[in-house]
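Protein chains: 4
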Amino acid sequence: MKDQIAEEYVQVDAEPWAPFPEALSAGGIRWKLLHVSPEMGSWTAYFDCPKGSSFNAHIHQGPGEYLLTKGRMDVRGGKDAGGDTAVAPGYGYESSGARHDQTAFPVDSEFYMTFLGPLVFITPDGQPVAVVGWKEVQGAWQAFLASQPAQQKKAA
Amino acid sequence: MKDQIAEEYVQVDAEPWAPFPEALSAGGIRWKLLHVSPEMGSWTAYFDCPKGSSFNAHIHQGPGEYLLTKGRMDVRGGKDAGGDTAVAPGYGYESSGARHDQTAFPVDSEFYMTFLGPLVFITPDGQPVAVVGWKEVQGAWQAFLASQPAQQKKAA
Amino acid sequence: MKDQIAEEYVQVDAEPWAPFPEALSAGGIRWKLLHVSPEMGSWTAYFDCPKGSSFNAHIHQGPGEYLLTKGRMDVRGGKDAGGDTAVAPGYGYESSGARHDQTAFPVDSEFYMTFLGPLVFITPDGQPVAVVGWKEVQGAWQAFLASQPAQQKKAA
Amino acid sequence: MKDQIAEEYVQVDAEPWAPFPEALSAGGIRWKLLHVSPEMGSWTAYFDCPKGSSFNAHIHQGPGEYLLTKGRMDVRGGKDAGGDTAVAPGYGYESSGARHDQTAFPVDSEFYMTFLGPLVFITPDGQPVAVVGWKEVQGAWQAFLASQPAQQKKAA
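Chains as they are written, first to last, in the working numbering: chain A, 1210 to 1365; chain B, 1210 to 1365; chain C, 1210 to 1365; chain D, 1210 to 1365.
Bound conformation, chain A alone (with noise of 0.2 angstroms):
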């Protein structure tokens, strides 16, 4: 007999911010992990990207939907090459094979954003080089937390 999953809830402003990985993305770009699901294998973040910060190339291998709540992010190379330039409050759905060959913050930036599998982080000829999935977002949040001090650690 499976139980019904416990309902979660999170106070953003409460939850500190760890930097996302230098060999991932540029510019200081910083996260809260605010969900993961095991099952699914989906998770949900916020992001913190200042003037000048992107992401490195990628694959959403399944769907992802974000809400820019400031600032603006270039995807897929911005409006105008082809992709498109969201300006807070902005909505997008980037689908399954979305390839994102560089994700950028003109100006200081925050998005809330929710994915199904992994992020595959990828080289220039789209070899993959790191899978950032569900398992790999909780272990690197885990790791951030046991490292801060302990006035600033969350309550289990």
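I should point out that these hints are in silico values taken from the structure, not numbers from a laboratory.
What you were told as hints is all true, and nothing was included just to trick you.
No copy labels: a pair is met if it fits in one copy or bridges any two.
Cut-off 25 angstroms, straight-line C-alpha distance, at most; resulting in silico cross-link-like pairs (BS3-like, lysine-lysine):
| id | residue 1 | residue 2 |
| --- | --- | --- |
| 1 | K1260 | K1288 |
| 2 | K1211 | K1344 |
| 3 | K1288 | K1211 |
Given the structure of chain A, go ahead and fit chains B, C and D onto it with the hints provided.
Frame of chain A; chains B, C and D shown alone:
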């Protein structure tokens, strides 16, 4: 040969507000449909909930995730009744099978929410009265847009 | 820290057959529940459908996929009525929103099916009468197992 | 306005068998693609696995469910090594994150499987070597069909 699904972008503040059906809510809730995924049966919307408004009793058939961007939301009776009380910026995960006898807004509030599968609105003894999934929300949204004066209509 | 979901294995021919509710079908359909996923709201079952049996009218809220392993199944009225007639071994994809006014078995048949989200059984004019999702099928299956004589019960 | 996704039917025994890539398997595995869902990133296939064949090491990024219709399949090393040994008719659920260092077939076997998200084939130390999702399997299947003599080609 099936194509990759097209990416989408919606300028959230450029969309009009539609009244949420009075049969399913009270107090003047309004909404904007941002996305439907006909294949998965998922959908995404933004809600504006004035002080004192509430949604009628419903069950989340699949998981739902919200980001409360403004105000306060009492979910499953609120914190004092064993549920959650979200305060913006707050994130919540409502699981498949979650029954919400009342979701209430004690102050002017707004939230963004992604849904997998339908909401089933129910009578007090749990009988289904309305199934609200991607098809129904798309139909309601299109009917609303068609009813708007031309100058307010969104370009296709 | 959430764990990876446990893998599962079911020896299909060792499970007992439960009668499928007469209120939702006709002609002696039996079934075995193989799996429920409470987080996604998905579930998987095996059905045994004698010659002349049928399921009552229902809507697939999420996608469903079947493998007909024996016999013949007339879906959406069968091929002659614009639907499909599956002949074992046959595969079918039923999309989110698919309405099946009758699914009928002209010969003794068996099929395996995975479901995302609930089936909503409906009246002829489309009103919901029963929502059958992971919770309901798990409850029905557990009640059936509990009703079985001890020697037929499956070890936990 | 988005349409409901079309239903599909495939006569499984009328489809040809394609060789499964030698780079990802050993012993002459063959397969048939039955379905892809570009929006969810899910896909469904049927596999024919001769005695002595096996799949190379891979990780299931999302959940997978199989029905072994013939023979025997040693999953995660088989029962003696702490995994599962399926015997037809057998059902199995492989969870998101499941790592299969070897999946082996001690006798001639066949199975049907639904996948959410990609398989990531890996090196012994877990580095990704190939991401196999709906796009890749559809591409491989179409290339196989195009390579077949005309009389064996399936009508569109």
